[in-house]
Amino acid sequence: MDRRRDIPDVLTKHIADAVDVAEQNGLTVQISTTAPPKHRDPGPLRVIRQRFDKERDVLELTVAAEDWGKEV
383 MDRRRDIPDV LTKHIADAVD VAEQNGLTVQ ISTTAPPKHR DPGPLRVIRQ
433 RFDKERDVLE LTVAAEDWGK EV
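Taking the working numbering, the leading residue of the sequence shown gets 383, the next gets one more, and so forth.
Source of the hints: derived by calculation from the structure; they are not laboratory data. Please note: incorrect hints may appear among the correct ones.
[As the list claims (entries may be wrong)] Quick list of in silico lysine to any residue cross-link-like pairs, SDA-like style, CA-CA up to 20 Å:
#1 Lys420 - Glu448
#2 Lys436 - Val411
#3 Lys436 - Thr410
#4 Lys395 - Glu442
#5 Lys395 - Arg433
#6 Lys395 - Arg438
#7 Lys436 - Gly408
#8 Lys395 - Lys420
#9 Lys436 - His396
#10 Lys420 - Glu442
#11 Lys436 - Leu409
#12 Lys395 - Arg428
#13 Lys395 - Thr416
#14 Lys395 - Leu427
#15 Lys436 - Lys420
#16 Lys395 - Ala446
#17 Lys436 - Ile389
#18 Lys395 - Val440
#19 Lys395 - Ile430
#20 Lys420 - Val440
#21 Lys395 - Glu405
#22 Lys395 - Thr415
#23 Lys436 - Pro426
#24 Lys395 - Gln432
#25 Lys436 - Pro418
#26 Lys395 - Ile413
Given only the sequences and the hints, what does the whole structure look like? Please build it.
So, in C-alpha coordinates, the structure goes:
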(Lines of atoms letter the chains of each structure in order from A and count residues from 1; the text may use other names and numbers.)
(Lines give C-alpha, C1' and ligand atoms only; values in the text may rest on other atoms or scores of the structure.)
Protein backbone atom coordinates (compact mmCIF):
# COMPACT_ATOMS: atom_id res chain seq x y z
CA MET A 1 0.00 0.00 0.00
CA ASP A 2 1.31 3.44 -0.89
CA ARG A 3 0.97 5.42 2.33
CA ARG A 4 1.80 8.76 0.65
CA ARG A 5 -1.83 9.13 -0.40
CA ASP A 6 -2.83 9.15 3.28
CA ILE A 7 -0.41 11.91 4.28
CA PRO A 8 -2.14 15.21 5.13
CA ASP A 9 -0.70 18.46 3.80
CA VAL A 10 0.53 20.40 6.84
CA LEU A 11 2.79 22.91 5.05
CA THR A 12 2.60 26.44 6.51
CA LYS A 13 0.68 25.26 9.59
CA HIS A 14 1.85 26.17 13.07
CA ILE A 15 3.78 23.26 14.52
CA ALA A 16 1.20 22.34 17.18
CA ASP A 17 -1.57 22.21 14.57
CA ALA A 18 0.58 20.18 12.20
CA VAL A 19 1.45 17.63 14.88
CA ASP A 20 -2.22 17.34 15.89
CA VAL A 21 -3.28 16.69 12.28
CA ALA A 22 -0.52 14.11 11.79
CA GLU A 23 -1.33 12.28 15.02
CA GLN A 24 -5.05 12.25 14.18
CA ASN A 25 -4.04 10.45 10.98
CA GLY A 26 -2.02 7.88 12.94
CA LEU A 27 1.39 9.23 11.95
CA THR A 28 4.56 9.44 13.98
CA VAL A 29 6.24 12.85 13.64
CA GLN A 30 9.91 13.84 13.68
CA ILE A 31 10.62 17.58 13.91
CA SER A 32 13.74 19.43 12.73
CA THR A 33 14.25 23.16 13.18
CA THR A 34 16.10 25.41 10.75
CA ALA A 35 17.18 29.06 10.89
CA PRO A 36 19.76 31.37 9.34
CA PRO A 37 23.22 31.28 10.95
CA LYS A 38 23.44 33.27 14.20
CA HIS A 39 19.72 34.02 14.12
CA ARG A 40 17.27 32.12 16.29
CA ASP A 41 13.98 33.99 16.35
CA PRO A 42 11.81 32.83 19.26
CA GLY A 43 8.65 33.44 17.23
CA PRO A 44 5.95 30.87 16.43
CA LEU A 45 7.15 27.87 14.41
CA ARG A 46 5.60 26.95 11.06
CA VAL A 47 6.14 23.91 8.87
CA ILE A 48 8.25 24.79 5.82
CA ARG A 49 8.92 21.23 4.57
CA GLN A 50 7.32 17.86 5.01
CA ARG A 51 8.55 14.47 3.88
CA PHE A 52 7.22 11.00 4.57
CA ASP A 53 9.90 8.39 5.24
CA LYS A 54 8.16 5.16 4.28
CA GLU A 55 11.02 2.97 5.54
CA ARG A 56 10.58 4.30 9.09
CA ASP A 57 6.87 5.17 8.71
CA VAL A 58 7.59 8.70 10.00
CA LEU A 59 6.41 12.12 8.84
CA GLU A 60 9.46 14.40 8.93
CA LEU A 61 8.62 18.07 9.45
CA THR A 62 11.10 20.92 9.09
CA VAL A 63 10.02 24.05 10.92
CA ALA A 64 11.22 27.65 11.08
CA ALA A 65 10.22 30.62 13.18
CA GLU A 66 7.96 33.20 11.62
CA ASP A 67 10.14 36.19 10.90
CA TRP A 68 8.63 38.96 8.83
CA GLY A 69 11.81 41.04 8.76
CA LYS A 70 13.14 43.89 10.82
CA GLU A 71 10.93 46.80 11.69
CA VAL A 72 12.31 50.15 10.60
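Can you name, in rising order, the numbers of the hints this structure does not satisfy? Failing hints, ascending: 6, 8, 9, 10, 15, 20, 23 and 25.
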